[in-house]
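Asks: This is what each chain is made of:
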Amino acid sequence: MTTHELEQLLLQQPVSLLHRLARGRISRHFRSGKRKLIDLLLQASAENRPGLESDLAALIEEQSHRQQAAPVEQAPKPKVHPRPATSSATPRPHRAEEHGHHEPPVSLHEWLSGIGVPQAQPFVPDAWQVDALAKLAETDVVVSVPTGSGKTYVAIEATKRAMQENRTVIYTSPLKALSNTKFSEFSRLFGPGQVGILTGDRREHAQAPLLIMTTEILRNLLYDAAGGEIDVRLDTLGLVIMDESQYLADPERGVVWEETLIFCPSQARLLLLSASIGNPQDIADWLTAIRPNPCALIRHTKRSVPLRAGYMHPNEKLTPLFRTAGIPYGQPHLLHPEAKRLFAEYEEETGPSRSR
Amino acid sequence: MPPSIHPVDLVATLRQRNLTPAIIFLTSRRACDEAMQSFEHSQVTLPKTQQEQIARVLAQVTEQYPSIAEHPLIDTVQRIGVAAHHAGHLPSWKIAVEELMRTGSLDAVFATTTLAAGVDFPARTVVVTQSSIRKARDFTDLTASEIQQLAGRAGRRGKDLVGFAVITPSPYIDLTVLTKGLTGQPEAIHSQFVISYPMVLNLLKAHPREQIQSILAKSFAQFQLNQRTAVLETKLDGLRAEMEPFGPRVCSDWITQWQVFDQARKRKKPRGPSARQESPDVAARLHFLTPGRVVGLIRGRGIILRQYRSKGQHAPMVTLLRDGGSLNECPASIVTQVFDRTFDCEETSAYPWCTPQTLEQLTHHLLDLPPRLPILPILTHQNEEIPLDSSIIQTLGDFACPTCPSRQACQRDFPRASRVRQEIQRHMKSIQALQTSLWHRFQERIDVLERFGYLNATAQLTADGEWARLIRIDHSLLITELIRAEAFGAIDPPLLAAVMASIAHDDDRPGSFPRGSAGLVTLLFQVRKLAESLAPHEATPMLRADVAALTERWVADQTLTWIGLARLTTMAEGDMFRLFARTIEFLSQLKTLKATHPSLAESADRAIAGMRRGVLEELP
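Protein chains in written order, with the numbering used here: chain E, 1 to 356; chain X, 1001 to 1620.
Treat the hints as calculated values from the structure; they're not laboratory data.
Be aware that one or more of the hints could be misleading.
Stated by the list, open to error - With a straight-line cut-off of 25 Å between C-alpha atoms, the simulated DMTMM-like cross-links for lysine to aspartate or glutamate are:
no.	chain 1	residue 1	chain 2	residue 2
1	X	Lys1180	E	Glu347
2	E	Lys317	X	Asp1009
3	X	Lys1218	E	Glu345
4	E	Lys302	X	Glu1187
5	X	Lys1180	E	Glu138
6	E	Lys34	X	Asp1009
7	X	Lys1218	E	Glu138
8	X	Lys1594	E	Glu204
9	X	Lys1180	E	Asp235
10	X	Lys1159	E	Glu204
11	E	Lys34	X	Glu1187
12	X	Lys1180	E	Glu204
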């Protein structure tokens, strides 16, 4: 295929296909319009033209399969989802509509309903929080739950229990700013004398039963202890809480978390608090392998406050992002037709080649 | 259409829809500041009660952190109920904004996506304007974990029934990335275990070398490597099963046996200049391409003047006299016909390869040739099987294969069996590599430390190693080498702080800075030279002289106020604060060397004391 032929072929394809083709080849390809995108594609693949051609062929084939499959389902469509009158500007076929939907997309009114402040209720811990605390009484625990689920409650309760048993608690966080926030928060809760802080440049109440520090400091303490110079009362250490444990995968600092966990004294319980990650079971299995007690995993993906996703157009028009009010997990293609139309319009109008 | 929604309109819409308080994630600090500026001309003002609430919360925070009182943004924030929160701000201001959000006094906060992890306050709504993030000079798509971390700030427990994540397009957006991230599974995390010099020293201090391997085996890195090993091992089992039918035959290791035989059979004659394989017709013609021979070419005719081989490729070449009298050097394959006609040619050893008289005669002959000439019929040898060379047969000795009864089966199965066997060997090698890679890296580190004299030949800490293990920060090798080179002999606290700042600072944000003293410039030159010589063993720090000068100024001039310092540079206050905090961290590591390097520890202590004033003293 000559460059010219290839260019013509690319020109015949819809922009969405070109964007899929550009993924991995061109950085920030979504900023370019069709013309520019084709130029960039040809440029970027100068060395590997056959690769581009075969990918293109595969995509075209995939699309033609889709179009063959589509008409069967699309036939009764228009009655179910009457398009808004303004949609005449987008003649292109909507891909997501091939997947059969039986329910009409959520309306903005429905989507916005339910905003408000819940009635004040006496605090009742969630089942997973109770479960985590119960497990922690016996063994190490890894908690992986979505952001804002109430991990701090578990940390506070666990700390209370350990302090009642006259055991030292160490609470580590990845950022000094977070350490400071926690320090003021815990000082308010437990009383100022009960909480100490150790960071790279700050040291207050170093003898308090609850010590807040950055993970690096704990690592250094453990190294000193291993070298024979015990600084903290590591022998009375009852509980180590590591907040934001997903930092284990931080390219620069992750190693510190590993070192800390490897050298953490075996009589101390571990409580790892982490945001949702893909493989918390791996971490639990690892800790089970290196620590005396099997490590329990508390994991759930349901948010305590439900989340809805919306789309706001530059002209301030707000629509739901997905067809359902909540987020359709595992089904990214279930876009709300209105949001899709608006975004397509946005891309058409802001693409550099199309700006008039 | 504007490329993105105007911040004032955005906040107005959110307010109107009852979607506040909101966190609006923008691409950069500058975008946040510009968004704040765009409110200056807006007519929106908050109701009195909310303004008072903001004032009350701010007054509370100011009690703890007095520096907030002078913050230039206070009035704007009170009037419009919107604030910016990014790394360019002082921590005290960020604490104030967080407190305002926590009490629900603000309607919106503009924050940078980069600092999403540090944004530890919830809101009803989160607005996302981008799908990629700047990581080390390059934009990468946000991962599902990151997107969920951002969106997760929406919906305050106990204060909201629902949370909202709103996407609004900007030039930095790819909707697919965001929808996939919102609906997808967060990514699995992978160990980032690296073996640093302080780690080696500290481990060897506490454990003998023999135990290290078992300690490394306890790492998450090894755990994940073992998982990969397990996958490989199941594959290996499958391959072994595939190998079953190719068990021992007449000879126990028939694959190797056959391979040797096969190779010997195919072995070619030793390569020499003449051993090059030409196509059979060219080879056959070569004998006739003698000087004076008339030949037919692809176009026209010519007379051969010389035959030779090209220098690099040993390709057969000829020098030709062509119609029109030109002399050409051509590959012999250009000759298509050999005519039964030769002329006398008196050869010479240099260009034009014959005497001038001959050349003249030949030119004439060429012109006078009749149009048709008799063609020499040339027989070409077609490729025929070359029988096994007797010398090869001799090297094979009493090799069994040629007469073996299973020869045919071996010949048939060999390609597949050999491929499977190679695969098995490859897998076994990778399994071994996975199991020993950490230990190998550890040993490499040991070797370097031994060469520099921190460890002795039996991998025990030397006197230098004993103190060097206390320096547990980035660029530890550079710092310990500087100490050993006595670069900090009797150093002034400001200079020491300045050098530490240049080692500690790892941000390349440009800016204008005050000038450093002459002493600092010379010292930094030496530090850079040493750092470059250590480059094979340790990543070289940025060693920015400008941030060093700023630190020097702050420590040297004790009358300088924070605001005065901020006027000397374009560096953001938050960056200045972080630079100094990190420098203090580095200096406090030097302070631990009190026992072995008392004067250095003393100097570090004084430098820390000199740095801790004003905002740095007030803040946690």
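Asks: Determine for every hint whether it applies to the structure shown.
Replies: Hints, one by one, checked against the model:
no., hint, in the structure
1, X:Lys1180 - E:Glu347, "18 Å, holds"
2, E:Lys317 - X:Asp1009, "11 Å, holds"
3, X:Lys1218 - E:Glu345, "54 Å, violated"
4, E:Lys302 - X:Glu1187, "17 Å, holds"
5, X:Lys1180 - E:Glu138, "39 Å, violated"
6, E:Lys34 - X:Asp1009, "30 Å, violated"
7, X:Lys1218 - E:Glu138, "22 Å, holds"
8, X:Lys1594 - E:Glu204, "21 Å, holds"
9, X:Lys1180 - E:Asp235, "47 Å, violated"
10, X:Lys1159 - E:Glu204, "34 Å, violated"
11, E:Lys34 - X:Glu1187, "32 Å, violated"
12, X:Lys1180 - E:Glu204, "45 Å, violated"
In the structure shown, a violation is registered for the earlier hints numbered 3, 5, 6, 9, 10, 11 and 12, in ascending order.
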